[in-house]
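Asker: These are the residues of each chain, in order.
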Amino acid sequence: MDRDKALRRTSALTGALVAAGLAGTLGVGLAARAADSAEKGTPATGSSSAPESATESATESATDSGSGSTGTDAPSLSGGSDGSGQATSGGS
Amino acid sequence: MPMIETLPIGAGTAQWSVWSTVARVVVTEPALLTRATAVVEAELAAVDAACSRFRPDSELSLACRGGGRPVVVSPLLADLVGAALEAARQTGGDVDPTIGAALCGLGYDRDFAAVTGRVVAPAVRVFATPDWRSVRLHDRELTVPDGVRLDLGATAKAAAADRAARLVAVRLGVGVLVALGGDIATAGPAPDGGWSVLVQDRPGDPHCTVRLPAGAALATSSTAGRTWGRPGELLHHILDPRTGRPAPRVWRTVSVAASSCLRANTLSTAAVVRGHAAPELLRGGPARLVTPELDVLRLGGWPA
Numbered sequence: 001m002d003r004d005k006a007l008r009r010t011s012a013l014t015g016a017l018v019a020a021g022l023a024g025t026l027g028v029g030l031a032a033r034a035a036d037s038a039e040k041g042t043p044a045t046g047s048s049s050a051p052e053s054a055t056e057s058a059t060e061s062a063t064d065s066g067s068g069s070t071g072t073d074a075p076s077l078s079g080g081s082d083g084s085g086q087a088t089s090g091g092s
Numbered sequence: 001m002p003m004i005e006t007l008p009i010g011a012g013t014a015q016w017s018v019w020s021t022v023a024r025v026v027v028t029e030p031a032l033l034t035r036a037t038a039v040v041e042a043e044l045a046a047v048d049a050a051c052s053r054f055r056p057d058s059e060l061s062l063a064c065r066g067g068g069r070p071v072v073v074s075p076l077l078a079d080l081v082g083a084a085l086e087a088a089r090q091t092g093g094d095v096d097p098t099i100g101a102a103l104c105g106l107g108y109d110r111d112f113a114a115v116t117g118r119v120v121a122p123a124v125r126v127f128a129t130p131d132w133r134s135v136r137l138h139d140r141e142l143t144v145p146d147g148v149r150l151d152l153g154a155t156a157k158a159a160a161a162d163r164a165a166r167l168v169a170v171r172l173g174v175g176v177l178v179a180l181g182g183d184i185a186t187a188g189p190a191p192d193g194g195w196s197v198l199v200q201d202r203p204g205d206p207h208c209t210v211r212l213p214a215g216a217a218l219a220t221s222s223t224a225g226r227t228w229g230r231p232g233e234l235l236h237h238i239l240d241p242r243t244g245r246p247a248p249r250v251w252r253t254v255s256v257a258a259s260s261c262l263r264a265n266t267l268s269t270a271a272v273v274r275g276h277a278a279p280e281l282l283r284g285g286p287a288r289l290v291t292p293e294l295d296v297l298r299l300g301g302w303p304a
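Those sequence lines, one after another, are chains A and B. Heads up, the first sequence is in this note's numbering, so the first residue is 1 and it goes up one at a time. Heads up, the second sequence is in this note's numbering, so the first residue is 1 and it goes up one at a time.
What the hints contain is simulated information worked out from the structure, not anything from laboratory work. Watch out, some of these pointers could steer you wrong.
To be verified - Residues from chain B shown here face chain A by an in silico Cβ test under 8 Å; the list is partial:
1) Ile9
2) Arg24
3) Val26
4) Pro30
5) Leu137
6) Ala179
7) Ala190
8) Asp201
9) Gly204
10) Pro213
11) Leu218
12) Thr220
13) Ser222
14) Thr253
15) Trp302
Claimed, not checked - Incomplete in silico selection of chain B near chain A, CB under 8 Å:
16) Leu177
17) Gly194
18) Val197
19) Val199
20) Arg263
21) Gly285
The beta-carbon is built from N, C-alpha and C at its ideal position, and this holds for glycine as well.
Turn these sequences into a full structure, and let the hints guide you.
Answerer: Spelled out as structure tokens, the structure:
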């Protein structure tokens, strides 16, 4: 009888330890993901706060602009007064 | 030859020399020009410190000297390298950041202003490039194979224009155009009628003016600019990664409009490398190609 009781207690303790371990692993994983997102300058949980530094906000820009194809993200151009402009696009 | 800006400097416009070319900032509210210029200058300085291949103390130079071991880099350099690798992936390797050693071997191993006029590179030298897939980037851990020298020139200048424009718009709440030589990014609201951009490679080349909507970008790649070498062998800076040599001059100039300057420059550079197959690559978006004979080909709704 005492042996059965001891086995049940051991099983219960083992189960509790496994559950605690899984919860800890999950917590560590979420924390790592949040830290990783913070390093990349992207909010982990939908924050809409303004960027604090040049690197952070520009990171969002660089990430946003890295994909897309010619056909789907192409802007529509119109003609202007020939020979004028606010800046020149020439080979550099 | 460094790109020279010939347009007048009007209200709301600032201009200065950087990276052997011209930086130009235009804002929709002239009262904010000084602050906008400071934001752009700081961002360009940060990009330079991160990825200049001409500075032995840049993060990129240090990573390339890592002997093939992983190096933890700043978020900024990780983004710039990531952008370069993504450009390589998107273009099937036409825009490859591992051409650094080949460029150095051809004599482009310092700021371009110091390259002009040098006699370099025997004609028979060939520099095969290592392949961009040999470079590993996991989050901020960058591994550059031993002996590989990265050159982010094809993408970092465009990415810098995107970053700087976005920063100015976000911080100051103003419409802005940032031009770095041929690379033009815009952010925030545009002036009435859009941003007006003169598209012209060298003085005397065919030219036109286009208007960009808010947020649009434009990049121009050229086989006529940034040339060096010696009589009978004039080199340019856009290499075919498969040969390690300047791409054949099928096109003198390629201009592409896209939603980001990084994307536009990736396509214009790849078009030069791809040569006769460039129109297929550029289908669907506005592009303008100029042949060595100065004939102009307009694609994808580029205005006549």
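Asker: Leu218/B was flagged as interface toward chain A. Is the shortest Cβ-Cβ separation under 8 Å?
Answerer: 5 Å, holds
Asker: Hint validation: Arg263/B versus chain A, beta carbon distance must be below 8 Å. Holds or violated?
Answerer: 6 Å, holds
Asker: For the restraint on Thr253/B, tell me whether the closest CB of chain A is nearer than 8 Å.
Answerer: 6 Å, holds
Asker: So, Arg24/B near chain A? Judge it on the closest CB pair being under 8 Å.
Answerer: 5 Å, holds
Asker: Let's test the interface hint: is any C-beta of chain A closer than 8 Å to that of Gly285/B?
Answerer: Constraint on Gly285/B satisfied, holds at 3 Å.
Asker: Given Gly204/B was flagged as interface, is its beta-carbon under 8 Å from a beta-carbon of chain A?
Answerer: 12 Å, violated
Asker: Can Trp302/B be said to touch chain A, with a Cβ gap under 8 Å?
Answerer: Result: holds, 6 Å to nearest chain A Cβ.
Asker: Holds or violated: the hint that Pro213/B contacts chain A, with Cβ atoms closer than 8 Å.
Answerer: 5 Å, holds
Asker: Does the CB of Ile9/B sit less than 8 Å away from some CB of chain A?
Answerer: 10 Å, violated
Asker: Was the hint right that Val199/B lines chain A, CB cutoff 8 Å?
Answerer: At about 5 Å, which falls below the 8 Å cut-off, the nearest Cβ of chain A leaves the hint on Val199/B intact, so it holds.
Asker: Quick check on Asp201/B please, does its C-beta sit within 8 Å of some C-beta on chain A?
Answerer: Result: holds, 5 Å to nearest chain A Cβ.
Asker: Grab the minimum C-beta distance from Leu137/B to chain A and call the hint holds if it beats 8 Å, violated otherwise.
Answerer: 12 Å, violated
When held up to the earlier numbered hints, the structure conflicts with 1, 4, 5, 7 and 9 and fits the remainder.
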